[in-house]
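**Q** Line by line, the protein sequences give chains A and B. Note that our numbering gives residue 166 to position 166 of the first sequence, counting from 1, and the numbers run on in steps of one. Note that our numbering gives residue 47 to position 47 of the second sequence, counting from 1, and the numbers run on in steps of one.
These are computed hints drawn from the structure, not numbers from a lab. Using N, Cα and C, we set each Cβ at its ideal position, and we do this for glycine too. Among the hints, a few may not be true.
[Unchecked claim] The calculated lysine-lysine pairs, modelled on BS3-like cross-linking and capped at a C-alpha distance of 30 Å, are:
#1 K20(B) x K143(B)
#2 K98(A) x K226(B)
#3 K184(A) x K184(B)
#4 K115(A) x K183(A)
#5 K183(B) x K159(A)
#6 K143(B) x K184(A)
#7 K184(B) x K210(A)
#8 K238(B) x K159(A)
#9 K183(B) x K35(A)
#10 K114(B) x K233(A)
#11 K114(A) x K143(B)
#12 K183(A) x K76(A)
#13 K238(A) x K20(B)
#14 K217(A) x K184(A)
#15 K25(B) x K226(A)
#16 K115(B) x K25(B)
#17 K115(A) x K114(B)
[Stated by the list, open to error] Listed next, with one range per pair, are the computed distances between beta-carbon atoms:
#18 K217(B) x E185(A): 44 to 52 Å
#19 V221(A) x K35(B): 26 to 34 Å
#20 L243(B) x E232(A): 36 to 44 Å
Chain residues, written in single-letter form:
Number of protein chains: 2
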Amino acid sequence: MDIVIIGTGNTATVLGRKLKAAGHKIIQVFGRDAKAASALAYELETESANYWSVVNRNAHIYLLAVSDIAIEEVAKEIQLPNKAIIHTAGAVSKEILKDSSDHYGVLYPLQSLKKESSYLPETPILIDASDDETLMLLEIVGKSISDSISLATDTQRLKLHLAAVFCNNFVNHMYVLMEEYCKKEGLDFQLLLPLIQETAQRIQTIPPSKSQTGPAKRHDVSTIEKHLALLEKYPDLKALYQLLTQSIQHHN
Amino acid sequence: MDIVIIGTGNTATVLGRKLKAAGHKIIQVFGRDAKAASALAYELETESANYWSVVNRNAHIYLLAVSDIAIEEVAKEIQLPNKAIIHTAGAVSKEILKDSSDHYGVLYPLQSLKKESSYLPETPILIDASDDETLMLLEIVGKSISDSISLATDTQRLKLHLAAVFCNNFVNHMYVLMEEYCKKEGLDFQLLLPLIQETAQRIQTIPPSKSQTGPAKRHDVSTIEKHLALLEKYPDLKALYQLLTQSIQHHN
């Protein structure tokens, strides 16, 4: 498939790499930042553009891998009737693209993509489209870069995006808080890395509800009180500890 | 080293396996539950005991791998002067053992250990002891089963135990909440597993503070509002979402 990638960030870069590796031809990278666009174009062995007037009109798919806010701006600027215009966002309706083409849709990678990463992580893809033809196109493209392709409506995609916030953003924030706590207390945060790895590893095969352990789950008041005493000087951590302990106990 | 293991739960079992694999001799497994004790003894190719009167008196180390509450009960029952009595708990002082022997200490595995697991996970060990001789003994035993041995006082160990609650118990609870949310909304929780894996994988090499992404971090009010609207019917999730979003924004 011939593809124009619009955007130069993490999603544009990692999807670009995956698409190229799957044998698709990236015929152009468009980016307003000329330097970033030519850097990504160089990596994907193609040409770059940074004016709308020179966007290649011969692709099968125009992949808008830009920030949520930029999707709307770009959609207003480009008119590509008969071409498939696809965005990659979890929390944006596909209808935002309806004035740019008769064929539009979404290809959302349910993964945290970082261009600095040296490997291409396993990435479930959620697709949706304005019509069957575009949906079939996305199914073919999706299958070429992932073993997991699912149909998801705007609402279903938004709900999974919300779940991703809990499973990635909020989880990573726990790590941030503990990295900071360890630093303040003169402890080595690195000691926690094997535990963090094991926690994620275990739920790959065992449902999380069967893996819950710890003082909250055991209603171990003595340990909970020792922890809360340590958190006296960290009111924000203490509030979180209390809310999460309560929440675990409500799920017992 | 000749070791008596007291306890038959997850920690007793996994440490028993690690110690045996490292070439130590488990000379007895003690457990009040005779069936559990003989099952573990069978696996570790040794004998079991379930009365204090028949506990083997010839070991170098007596490893108390029992629940926090049981440590105190056991300590009251056993007197083993000149033997090293060691507990394995994160949140219990070593001094709880001071009346049982002149040589006591702690060997705390900073990992979530499950006897059902088919592999032995990488496990940092924190040690502490009443005297240099016992400490040296624990250092030798610790090094035989782990590449990461650190000295940690009662307070340091309790602080790392608290950090482990955030990085394991609270993180796993996020997964529990989302498993439940997906089920209620008719979505497939399995789709989130690669993201969960990648989140834990990434911080093995990149500090979590550099990996934080998402609507809270970006102050993306539009997406946050869409998420909160979805959570109207889940007040507990909504409260957590709001507190964690605030907490992330305080760390920007």
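**Q** Hints broken by the structure, by number, lowest first?
**A** Violated: hints 3, 9, 10, 11, 12, 13, 15, 17, 18 and 20.
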